[in-house]
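Student: This is what each chain is made of:
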Amino acid sequence: MSTVSDIRSTLVERLGRSAVQLSGARLGWLDALRREARTRFEEVGVPGLRDEDWKYTDIAPAFRELPGPVPAGEVVFDSSAVAAVVGALPGLGERGLAIVFVDGHFDARLSRLDAGVRGVSISSLRELLGRDPDRLEGRLGKFLPAASHGLIALNSAFLDDGAVVEISDGAVCDTPINLVFVSTRRTGAFMSQPRNVMVAGAGSSVVVVEHYVGEDGARVLTNTVSEIEIGRGAAFGHVRLQREPAGASHVARLQVEQREGSSFTSHAFGLGAALSRTEVAVRLGGENAECTLQGLYAVQGKQHVDHHTMVDHAAPRTRSSQLYKGVLEDESRGVFTGRVVVRPAAQKIKALQTNPVLLLGDRAIAETRPQLEIYADDVACNHGASIGRISEEAMFYLRSRGIQPREARRLMVYGFAAEVVESLLPAALREAIGALVGEHVGTLGGAGQTPGRVR
Amino acid sequence: MLLRIHDLHAEIEGKPILRGIDLEVGAGEVHAVMGPNGSGKSTLAQLLAGRELYDVTRGEVTFDGKNLLEMPADLRAREGLFLSFQYPIELPGIANSYFLKAAVNAVRRHRGLSELDAVDFLMAARAKMKLVGLREDFLHRSVNEGFSGGEKKRNEIFQMAMLEPRLAILDETDSGLDVDALRTVAEGVNSLRAPDRAIVVITHYQRLLDYIVPDKTHVLAGGRIVRSGGPDLAREVEERGYGWITGATDSGSSVPVTAA
Chain A
0 MSTVSDIRST LVERLGRSAV QLSGARLGWL DALRREARTR FEEVGVPGLR DEDWKYTDIA
60 PAFRELPGPV PAGEVVFDSS AVAAVVGALP GLGERGLAIV FVDGHFDARL SRLDAGVRGV
120 SISSLRELLG RDPDRLEGRL GKFLPAASHG LIALNSAFLD DGAVVEISDG AVCDTPINLV
180 FVSTRRTGAF MSQPRNVMVA GAGSSVVVVE HYVGEDGARV LTNTVSEIEI GRGAAFGHVR
240 LQREPAGASH VARLQVEQRE GSSFTSHAFG LGAALSRTEV AVRLGGENAE CTLQGLYAVQ
300 GKQHVDHHTM VDHAAPRTRS SQLYKGVLED ESRGVFTGRV VVRPAAQKIK ALQTNPVLLL
360 GDRAIAETRP QLEIYADDVA CNHGASIGRI SEEAMFYLRS RGIQPREARR LMVYGFAAEV
420 VESLLPAALR EAIGALVGEH VGTLGGAGQT PGRVR
Chain B
0 MLLRIHDLHA EIEGKPILRG IDLEVGAGEV HAVMGPNGSG KSTLAQLLAG RELYDVTRGE
60 VTFDGKNLLE MPADLRAREG LFLSFQYPIE LPGIANSYFL KAAVNAVRRH RGLSELDAVD
120 FLMAARAKMK LVGLREDFLH RSVNEGFSGG EKKRNEIFQM AMLEPRLAIL DETDSGLDVD
180 ALRTVAEGVN SLRAPDRAIV VITHYQRLLD YIVPDKTHVL AGGRIVRSGG PDLAREVEER
240 GYGWITGATD SGSSVPVTAA
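Residue numbers (numbering that gives the first Met the number 0), protein chains in the order written: chain A, 0 to 454; chain B, 0 to 259.
Since the hints were derived computationally from the structure, they do not count as laboratory data. Even for Gly, the Cβ is constructed at its ideal location relative to N, Cα and C. Keep in mind that a hint or two might mislead.
[What the hints assert, rightly or not] Looking from chain A toward chain B, a few residues come up when the C-beta cut is under 10 Å (computed):
1. I373
2. Y374
3. D376
4. G383
5. S385
6. R388
7. M394
8. F395
9. G401
10. P404
11. A407
12. E418
[Said to hold, decoys possible] Distance windows between CB atoms, simulated:
13. A:A83 - B:D116: 58 to 68 Å
14. A:E136 - B:E89: 47 to 57 Å
15. A:E392 - B:G132: 20 to 30 Å
16. B:R108 - A:D215: 31 to 41 Å
17. A:R388 - B:G37: 21 to 31 Å
18. B:G111 - A:K349: 51 to 61 Å
19. B:N189 - A:D215: 50 to 60 Å
20. B:V225 - A:K349: 51 to 61 Å
21. A:G92 - B:G132: 37 to 47 Å
22. A:E330 - B:G37: 16 to 26 Å
23. A:G169 - B:R140: 37 to 47 Å
24. A:R405 - B:G58: 28 to 38 Å
25. B:G148 - A:G92: 23 to 33 Å
26. B:R140 - A:E330: 48 to 58 Å
[What the hints assert, rightly or not] Counterexamples of contact, computed for chain A against chain B with all Cβ distances above 12 Å:
27. R138
28. G284
29. E392
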């Protein structure tokens, strides 16, 4: 078994070896960015349980097998099998926009990048760094906190590929843009560390869906960072579908910077992986900016899922609202930490947060931590959490109509989870994800008919 | 006899509530069960429907010749027993249409009938919704969520119409209803009378029985049926109060029967 310092030194050593193969290797600014990140990682290493922010989630086991990134030239896979996985993703269909990565590297054959709309540009990071080397200078890492934790630093140190989405001022993209990350069942444990950058110009409108999926048995550690900059008055919809295979580990950071009058809606689904940690950090940097963060984690067996949100009200009249729902079967563990900071100048803001959790298993454990730091004096902040079981009264009502206990239970769980899907747009995406969620909660506690809606 | 209750005793957490109920209801009949608060009316209704809160300490109940008490709640419903709840619960996130289609098909499967697909279900639902005055958009809404008292009761009767039970128990269907809602609900129930169906109307107030006229009336007090009679018994109880039947009870004074 590897110790924490083994992990650190092995990864640092790998960094040295892979530097030559990473994209944009000869770009001075990028090289400096990676070096700084490496230094940071050497300093702090992988977050441990003594770190207050990681108190309930021990991420070290994900590194036990000392996974390393897969060099670009070594990605090998059965393309029809992977194409089938991609084709089955909700909301994709035959004409959906998708940029597809396999084991961390862009695959042109599986991708469809032409939006057919002016002002919408989708490219791979590696390709962009080759074609237009200075475009991203000063943008990568621009809004990440100076003292990031070790895994963000690790992602930066190994920065290689990912999706770059740029929406020009005023552009409206009606079709969701899908960022697809597939992990294959290759021999040995490996890391996939996509770095995604998305910029929405002033007054623009776009929906981006990030999919994390893989073949059964894929031994992947995903460590991803997505940076989103939302311009003045722009509307950005974001969906994360974490459906990693059973043995995978998943760590993610979504860092969002909002300008005045912009709106950001995020739906994070934590359904797969043995161990996952998703961080959504939003800075409401301009007046009247608003964000809605919703999440659903529904897990079973010994799965451990951790969601950590951080909303920074840095300007007056900003609004945030968070709804994270958990469904925990068997002996699974669900953690939610909702942090809200209100700066002194952020007067007349509104921040709401709630975390209802349904415990299905007798040994399931839910941790919920609201954290409010309020430095302004004219604010409306509200937080709540509830942890409970399925209502016996509700079960009796369903059974009194002839519905069997298993089906009644599934109906109840779906009814609970559905609230998180309800606010999804566009409608086609909402229906596809609703069906996916219905199917997924149907697997909690046994197989059989899955719930849905009659329309 | 569709329903036969013999010497039924039941308690909740060691506290006796039903102290020897005897009741027989035949197909095609409408029976009223009246009684003051605390007499055990709702306990009887919920127990018959299979709520597991109550312990039966003595007695038997047969439904269509079968041992009802041995069946779990959902089986009783599939066998044709329906309970209209006094306080129907809200089920957020579960659409009325989805819930009821699942229920109707569970019952149909049990009866050896083919299941209704979405289209057939909608057609059947629309017809029955008219019966109780529910609007089209009702189907997409979550079960009972944001419904007024009247809407909830009409939803109960709508469900009864869709499930076509052999025995329907209406637990204080009139509570919380104004006269118009009461009339609509009563009309709905009356339209569901059938020769092979029995209805037991449980009520505190006599008023409902002006609209749903029973064949037989029983007065339940202190966990027992203390008096049975024809439709006129309800009027007598209304005029004289429950105290007239129960005599001096532990709680003392007679309890008025008419709605205030």
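Student: Confirm or reject each hint.
Tutor: Hints and how they fare:
Taking 10 Å as the C-beta cut-off, the interface hint given for I373 (chain A) is violated, the closest approach to chain B being about 31 Å. A cut of 10 Å between beta carbons decides the hint on Y374 (chain A): the least distance to chain B is about 36 Å, and the hint is violated. Here the hint on D376 (chain A) is broken, as its CB sits about 36 Å from the closest CB of chain B, past 10 Å. At about 16 Å, the closest approach between the beta carbon of G383 (chain A) and any beta carbon in chain B exceeds 10 Å, and the interface hint on this residue is violated.
With its C-beta approaching chain B no nearer than about 13 Å, S385 (chain A) sits outside the 10 Å limit, and its interface hint is violated. Restraint check, R388 (chain A) versus chain B: the minimum CB separation of about 15 Å is more than 10 Å; hint violated. This hint holds: M394 (chain A) has a C-beta 9 Å from the nearest C-beta of chain B, less than the 10 Å allowed. Hint status for F395 (chain A): holds, given a least beta-carbon distance of 6 Å to chain B, under 10 Å.
Given the 10 Å rule on beta carbons, the hint for G401 (chain A) holds: about 4 Å separates it from the nearest Cβ of chain B. The closest approach between the C-beta of P404 (chain A) and any C-beta of chain B is roughly 7 Å, which is under the 10 Å cut-off, so the hint is satisfied. Evaluation of the A407 (chain A) hint against chain B yields a held restraint, the C-beta minimum of about 8 Å falling below 10 Å. Nearest Cβ of chain B to the Cβ of E418 (chain A): about 6 Å, under the 10 Å cut. The hint holds.
For the hinted restraint 58 to 68 Å between A83 (chain A) and D116 (chain B), the CB-CB distance of approximately 30 Å leaves it violated. About 56 Å separates the C-beta atoms of E136 (chain A) and E89 (chain B), a value consistent with the hinted range of 47 to 57 Å. At roughly 27 Å, the beta carbons of E392 (chain A) and G132 (chain B) sit within the given window of 20 to 30 Å. Checked against the hint of 31 to 41 Å, the C-beta distance between R108 (chain B) and D215 (chain A) comes to roughly 34 Å, which is consistent with it.
The given range of 21 to 31 Å is respected by R388 (chain A) and G37 (chain B), whose C-beta atoms sit roughly 30 Å from each other. Against the hinted window of 51 to 61 Å, the Cβ-Cβ separation of G111 (chain B) and K349 (chain A) comes to about 57 Å, which satisfies the hint. Look at N189 (chain B) against D215 (chain A): about 59 Å separates their beta carbons, and that is inside 50 to 60 Å. In this structure the supplied range 51 to 61 Å holds for V225 (chain B) paired with K349 (chain A), their Cβ-Cβ distance being about 60 Å.
The supplied range of 37 to 47 Å is met by G92 (chain A) and G132 (chain B), whose beta-carbon atoms lie about 42 Å from each other. In this structure, E330 (chain A) and G37 (chain B) break the distance hint of 16 to 26 Å, their C-beta atoms being roughly 44 Å apart. The supplied range of 37 to 47 Å is met by G169 (chain A) and R140 (chain B), whose beta-carbon atoms lie about 38 Å from each other. A hinted range of 28 to 38 Å holds for the C-beta pair R405 (chain A) and G58 (chain B), which are about 31 Å apart.
Between G148 (chain B) and G92 (chain A) the C-beta distance comes to about 46 Å, which lies outside the given range of 23 to 33 Å. One distance hint, 48 to 58 Å for the beta-carbon pair R140 (chain B) and E330 (chain A), is violated here, with the actual separation near 36 Å. R138 (chain A), annotated as away from the interface, keeps every beta carbon of chain B farther than 12 Å; the closest lies near 41 Å. For G284 (chain A), the requirement that its beta carbon stay farther than 12 Å from each beta carbon of chain B is met, with the minimum near 35 Å.
For E392 (chain A), the non-interface assignment is contradicted: its Cβ lies about 5 Å from the closest Cβ of chain B, within the 12 Å cut-off.
Against the hints set out earlier in the document, violations occur for numbers 1, 2, 3, 4, 5, 6, 13, 22, 25, 26 and 29.
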